[in-house]
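Undergrad: Please put together the full structure from these sequences, using the hints given.
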Amino acid sequence: MASDRSRRGVPRRPLAIGRRGFAVLAIGLAAVAALAVLAPPLRALLPQRGGLAIVRAFFAAMFHPALRYESAVPQGTPPLLLEAMAAARRTLVFASAAMSLALAGGFVLGFLGSSAWWSDELAAVPRGRLRRALGPAVWTATRFLIVGMRSVHELLWAVIFLAAFGLNTASAVAAIAIPYAGTLAKVFSEMIDEAPRDAAAALRTAGAGPAQVFCFGLLPRALPDMCAYAFYRFECAIRSSAVLGFFGFPTLGYSISTAFENLHYAEVWTYLDALALLIVGVEVWSSALRRRFVA
Amino acid sequence: MTPPMAELHRARPRSRLVRWSLVALLALAVWSWTSGDIEVGDLLQARRLENLRSFLRDDVQPFPLRGRPFSFAELLAWAGRLLADRGARGALQTLSISVLAICLAAAGALVLAPFASRNLAARRPFAFGAAPEPARGAAERLRDRGWTVLTASTRAFLVFLRAIPEYIWAFLLLAMLGPSAWPAVLALAIHNSGILGKLAAETVENLEPAPLRSLWWLGGRRTQIAVFAVAPLAMTRFLLYFFYRWETCVREATVLGLLGVVSLGYWIQDARARHFYDEMLFFVVLGAAIVLAGDLVSAAARAFLRRAT
Numbered sequence: 000m001a002s003d004r005s006r007r008g009v010p011r012r013p014l015a016i017g018r019r020g021f022a023v024l025a026i027g028l029a030a031v032a033a034l035a036v037l038a039p040p041l042r043a044l045l046p047q048r049g050g051l052a053i054v055r056a057f058f059a060a061m062f063h064p065a066l067r068y069e070s071a072v073p074q075g076t077p078p079l080l081l082e083a084m085a086a087a088r089r090t091l092v093f094a095s096a097a098m099s100l101a102l103a104g105g106f107v108l109g110f111l112g113s114s115a116w117w118s119d120e121l122a123a124v125p126r127g128r129l130r131r132a133l134g135p136a137v138w139t140a141t142r143f144l145i146v147g148m149r150s151v152h153e154l155l156w157a158v159i160f161l162a163a164f165g166l167n168t169a170s171a172v173a174a175i176a177i178p179y180a181g182t183l184a185k186v187f188s189e190m191i192d193e194a195p196r197d198a199a200a201a202l203r204t205a206g207a208g209p210a211q212v213f214c215f216g217l218l219p220r221a222l223p224d225m226c227a228y229a230f231y232r233f234e235c236a237i238r239s240s241a242v243l244g245f246f247g248f249p250t251l252g253y254s255i256s257t258a259f260e261n262l263h264y265a266e267v268w269t270y271l272d273a274l275a276l277l278i279v280g281v282e283v284w285s286s287a288l289r290r291r292f293v294a
Numbered sequence: 017m018t019p020p021m022a023e024l025h026r027a028r029p030r031s032r033l034v035r036w037s038l039v040a041l042l043a044l045a046v047w048s049w050t051s052g053d054i055e056v057g058d059l060l061q062a063r064r065l066e067n068l069r070s071f072l073r074d075d076v077q078p079f080p081l082r083g084r085p086f087s088f089a090e091l092l093a094w095a096g097r098l099l100a101d102r103g104a105r106g107a108l109q110t111l112s113i114s115v116l117a118i119c120l121a122a123a124g125a126l127v128l129a130p131f132a133s134r135n136l137a138a139r140r141p142f143a144f145g146a147a148p149e150p151a152r153g154a155a156e157r158l159r160d161r162g163w164t165v166l167t168a169s170t171r172a173f174l175v176f177l178r179a180i181p182e183y184i185w186a187f188l189l190l191a192m193l194g195p196s197a198w199p200a201v202l203a204l205a206i207h208n209s210g211i212l213g214k215l216a217a218e219t220v221e222n223l224e225p226a227p228l229r230s231l232w233w234l235g236g237r238r239t240q241i242a243v244f245a246v247a248p249l250a251m252t253r254f255l256l257y258f259f260y261r262w263e264t265c266v267r268e269a270t271v272l273g274l275l276g277v278v279s280l281g282y283w284i285q286d287a288r289a290r291h292f293y294d295e296m297l298f299f300v301v302l303g304a305a306i307v308l309a310g311d312l313v314s315a316a317a318r319a320f321l322r323r324a325t
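Residue numbers (the working numbering), protein chains in the order written: chain G, 0 to 294; chain H, 17 to 325.
Hints are supplied without guarantee of correctness; some may be wrong.
Pair by pair, the computed Cβ-Cβ distance ranges are [stated by the list, open to error]:
1) Arg-290(G) / Val-127(H): 31 to 37 Å
2) Glu-260(G) / Leu-234(H): 58 to 64 Å
3) Val-31(G) / Thr-239(H): 27 to 33 Å
4) Ser-87(H) / Leu-166(G): 33 to 39 Å
5) Ala-287(G) / Arg-73(H): 34 to 40 Å
6) Leu-45(G) / Thr-239(H): 31 to 37 Å
7) Leu-234(H) / Phe-106(G): 38 to 44 Å
Below, a sample of chain H positions facing chain G; criterion: calculated Cβ distance under 7 Å [stated by the list, open to error]:
8) Asp-53
9) Val-115
10) Leu-116
11) Arg-152
12) Ala-197
13) Met-251
14) Phe-254
15) Glu-263
16) Val-271
17) Ala-304
18) Val-307
19) Leu-308
20) Phe-320
Negatives, chain G to chain H, calculated, CB over 10 Å [to be verified]:
21) Ala-71
22) Leu-81
23) Phe-93
24) Met-98
25) Pro-195
26) Gly-252
What the hints contain is simulated information worked out from the structure, not anything from laboratory work. The C-beta atom is built at its ideal place from N, Cα and C for all residues, glycine as well.
TA: See below:
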């Protein structure tokens with residue numbers, strides 16, 4: 000059978016296992032190595048004393064979130080539902096402020112980091128010497144910048160800013176905006192590079208300049224995907240903004256962690272539901288939009 | 017502009033939804049900056065700037081270099097000490113947490129996904145998409161109903177797993193199990209099995225149904241088809257998703273340490289609490305390095321797999 004196949008010119012596989020088998024094998028070995036490194040005691044998988052009661056109380060509260068505070072609160076505290084709405088509003092505010100910064104940054108860096116913007120392929124006339132010399136340097140620098148921004152998690156940016164400035168809400172916005180701008184830039188540049196070049200080539204043969212080709216030939220082909228992705232990142236930004244609350248910023252995460260520490264699980268669910276409503280709302284909006292322009 | 021051009025311009029596809037969405041998004045951005053929740057002015061106060069100045073001048077300078085001329089050898093020695101002391105161990109632990117978590121997540125997803133794919137978990141597998149055979153008689157209607165309940169409840173369970181953020185899972189597991197590596201591993205595993213399970217189910221639903229349907233008509237049993245036909249066909253795509261989610265796991269494994277689980281984040285939080293900002297920054301950079309390493313490994317693995325048949 001094997002000789003039959005090779006006679007017909009079908010190359011025999013050099014390895015008994017294929018690429019996927021190799022990948023699965025590597026993953027398995029990595030898992031064994033990870034277990035060896037962590038050596039987590041199996042005993043620690045058993046709930047500690049009172050542990051199960053916490054989990055039971057937590058999930059029992061899932062179906063009846065609190066409508067008012069579970070314990071006495073100081074005079075003048077707004078009702079729980081108003082407080083949850085205010086925290087949700089602040090979560091949304093931080094997320095949209097961060098996204099507005101990240102979009103601007105991601106747009107500029109995405110252009111500078113795309114190879115289409117620098118390649119000669121789109122230029123009708125040969126580019127100037129200065130630009131040709133500068134191009135690769137700017138492209139490389141932008142790529143490094145993008146990687147640096149992306150590689151540090153937004154919570155770690157927040158920790159750095161906390162140390163540098165102290166607790167300030169503008170630094171929370173910056174903490175989300177920096178890694179998000181990096182991620183948007185990376186994805187935008189890939190989308191620009193992978194966009195169909197037909198319109199751009201037609202414009203170029205008609206004598207359009209590089210900027211014209213880029214703005215009217217290439218960009219419109221990439222724009223729908225870019226919008227869809229930006230919306231998806233907006234959802235992520237809401238989640239990140241909520242999580243930043245764990246570090247004392249006044250978003251939903253702050254309310255969640257406070258309620259959790261006070262063992263007020265029904266309140267935790269109120270805040271979790273507020274977060275879920277926020278995210279589902281954006282998701283419905285974005286999927287309606289996506290159906291409209293990503294055909 | 018010539019009249020036909022004007023005609024074309026007027027006849028271009030327009031959508032009120034897109035238009036109003038743009039207006040709403042702009043309004044949202046303006047409102048977010050003007051709502052007063054973001055204290056930009058406060059950031060520029062003298063006190064804050066003084067804080068920043070001392071942070072940059074003193075705090076982030078590696079300790080042995082403070083008030084002394086810069087020496088590269090001293091810097092390297094300092095970094096080496098930190099690395100040997102807990103950095104390397106923390107980085108290795110972070111990577112291990114992410115690997116173990118994603119493997120458990122994949123195992124969970126592989127168990128759940130078959131029950132969530134509406135083409136496999138059906139009375140007639142892989143008739144999905146083609147004209148489904150109408151149920152004949154009450155017994156078949158009941159069986160149809162049963163399969164629908166099974167897929168819908170599995171999907172709801174997957175939504176539940178991924179809807180609760182990994183931080184909440186970690187909080188909960190930490191309270192339940194006490195401090196060890198397990199809360200971080202399990203929190204990431206639970207959240208990601210929800211995501212991977214959904215992606216795997218979608219992969220199975222997007223498979224070309226004709227060859228699988230013919231296996232059914234040839235007398236293959238459901239489990240046989242699932243194990244010997246569906247799994248191999250869906251595997252490449254699943255592995256791509258696996259590596260993509262692993263990248264996220266590396267990021268989150270670092271950060272989960274902030275909640276008190278032993279990973280790099282734990283040492284970042286520890287250094288912050290002791291105001292050793294030079295060490296804190298070192299661990300942050302180390303974390304960025306392993307995230308970068310993870311991204312590179314994952315990109316290489318995905319490129320390797322894309323060429324798999």
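Undergrad: Indicate, hint by hint, whether the structure satisfies it.
TA: Do the hints match the structure? See the list:
1. At roughly 33 Å, the beta carbons of Arg-290(G) and Val-127(H) sit within the given window of 31 to 37 Å.
2. A beta carbon spacing of about 60 Å between Glu-260(G) and Leu-234(H) agrees with the range 58 to 64 Å that was offered as a hint.
3. Judged by the Cβ atoms, the range 27 to 33 Å given for Val-31(G) and Thr-239(H) holds: they are separated by roughly 28 Å.
4. A C-beta distance of roughly 35 Å is found between Ser-87(H) and Leu-166(G), which places it inside the suggested range of 33 to 39 Å.
5. The beta-carbon spacing between Ala-287(G) and Arg-73(H), approximately 51 Å, falls outside the hinted interval of 34 to 40 Å.
6. At roughly 33 Å, the beta carbons of Leu-45(G) and Thr-239(H) sit within the given window of 31 to 37 Å.
7. For Leu-234(H) and Phe-106(G), the Cβ-Cβ distance of about 54 Å falls outside the hinted range of 38 to 44 Å, so the restraint is violated.
8. Taking 7 Å as the C-beta cut-off, the interface hint given for Asp-53(H) holds, the closest approach to chain G being about 5 Å.
9. Annotation: Val-115(H) was flagged as interfacial toward chain G, and the flag holds, the nearest CB pair being 4 Å apart, inside 7 Å.
10. The interface hint given for Leu-116(H) holds, since its Cβ lies 5 Å from the closest Cβ of chain G, which is under the 7 Å cut-off.
11. The criterion of a C-beta within 7 Å of any C-beta in chain G is not met by Arg-152(H), whose closest approach is roughly 36 Å, and the hint is violated.
12. For the restraint placing Ala-197(H) at the interface with chain G, the shortest Cβ-Cβ distance is roughly 4 Å, inside the 7 Å limit, so the hint holds.
13. Look at Met-251(H): its Cβ gets to within about 6 Å of chain G, closer than 7 Å, so that hint holds up.
14. Interface hint at Phe-254(H): violated, since its Cβ lies 10 Å from the closest Cβ of chain G, which is beyond the 7 Å cut-off.
15. With a cut of 7 Å, the hint placing Glu-263(H) at the interface with chain G is violated, because the nearest CB-to-CB distance is about 10 Å.
16. Restraint check, Val-271(H) versus chain G: the minimum CB separation of about 5 Å is within 7 Å; hint holds.
17. For Ala-304(H), the interface hint holds, the least distance from its beta-carbon to any beta-carbon of chain G being 4 Å, beneath 7 Å.
18. A distance limit of 7 Å between C-beta atoms decides the matter here; for Val-307(H) the minimum to chain G is near 5 Å, and the interface restraint holds.
19. Interface hint status for Leu-308(H): upheld, as the beta-carbon distance to the closest one in chain G is roughly 5 Å, under 7 Å.
20. Satisfaction of the interface hint for Phe-320(H) is found here, the shortest Cβ-Cβ separation to chain G being roughly 6 Å, below the 7 Å cut-off.
21. Ala-71(G), annotated as away from the interface, keeps every beta carbon of chain H farther than 10 Å; the closest lies near 24 Å.
22. No beta-carbon of chain H comes within 10 Å of the beta-carbon of Leu-81(G); the shortest separation is about 16 Å.
23. At roughly 7 Å, the least C-beta separation between Phe-93(G) and chain H is not larger than 10 Å, which violates its mark as non-interface.
24. The Cβ of Met-98(G) does not lie farther than 10 Å from every Cβ of chain H; its closest approach is about 8 Å, which violates its non-interface assignment.
25. No beta-carbon of chain H is positioned within 10 Å of the beta-carbon of Pro-195(G); the least distance is around 18 Å.
26. Chain H draws Gly-252(G) into its interface by the beta-carbon criterion, the shortest separation being 8 Å against a cut-off of 10 Å.
Hints 5, 7, 11, 14, 15, 23, 24, 26 from the list above are not met by this structure, while the remaining hints are.
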